[in-house]
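The hints should help you fit chain B onto chain A, whose structure is shown.
Residues per chain, in single letters:
2 protein chains.
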Amino acid sequence: MTENIYIGSKPILNYVTAIVTAFQRAPIVNVLARGRAISSAIDAVEVCRRSFLKDLCVDEINIGTEQMGSDDDLRNVSTINIQLSKTS
Amino acid sequence: MTENIYIGSKPILNYVTAIVTAFQRAPIVNVLARGRAISSAIDAVEVCRRSFLKDLCVDEINIGTEQMGSDDDLRNVSTINIQLSKTS
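Here the protein sequences line up with chains A and B, keeping their order.
Counting in the numbering used here, the first sequence runs from 1 upward without gaps.
Counting in the numbering used here, the second sequence runs from 1 upward without gaps.
Same shape as in the complex, but just chain A:
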């Protein structure tokens, strides 16, 4: 059972609370982001780890590329997937 949290352009603390509550439903949480939101994803994970979930463990980080837009305006966007779990 895993939960996915998609990071966008809302304030970081919204995603921090989303991650914390996701751990009440599943032992593994994936934090996903694209493009400019990648920095926010790492901010959210770091705030979680330092302030809310001291036992947070970053299992794996994967990066990749996705194609976005339609035929005329096709462009490549970088993606990140941060897999989190709790040690205890």
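Keep in mind that the hints were calculated from the coordinates and are not lab data.
Check each hint, because a few of them may be wrong.
Identical copies go unnamed one by one, so any copy, or any two together, can satisfy a pair.
[What the hints assert, rightly or not] Mimicking SDA-like on lysine to any residue, the simulated pairs with C-alpha atoms at most 25 Å apart in a straight line are:
#1 K54 to Q67
#2 K86 to E66
#3 K54 to L74
#4 K10 to Q24
Here the structure is a predicted model, which means the values were calculated and not measured.
Below, chain B alone, put in the same frame as chain A:
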């Protein structure tokens, strides 16, 4: 022997060429970035992997937090360290 490439606010292709040439000097290249530049770091690595170094391998990605600024204006900044090597 490792080479470090620090990502800032220059155009992505500057960092792509920096990574490609770094591999002529060392077998392992670390790509480092802080804050907003984290997205650019992943863009640079992805462009390298897709267009220039087909045998590029992302060994490890680490995230962390650094304190920046002086006493009055101390703030936490997220960091990323992407360790790259070539499979062949």
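Outcome of the hint check:
1. Only between protomers do K54 and Q67 lie at most 25 Å apart by alpha-carbon distance; the minimum there is 18 Å, versus 36 Å within a single protomer.
2. Proximity of K86 to E66 under the C-alpha cut-off of 25 Å is restricted to the inter-copy arrangement: shortest distance 23 Å between copies versus 29 Å within a copy.
3. In this homomeric assembly, K54 and L74 come within 25 Å of each other (Cα to Cα) only across copies, at 22 Å, whereas the closest approach inside a single copy is 41 Å.
4. Within a single copy, K10 and Q24 get their C-alpha atoms as close as 22 Å, which meets the 25 Å cut-off; across copies the closest is 42 Å, which misses it.
Checked against the numbered hints above, the structure breaks none of them.
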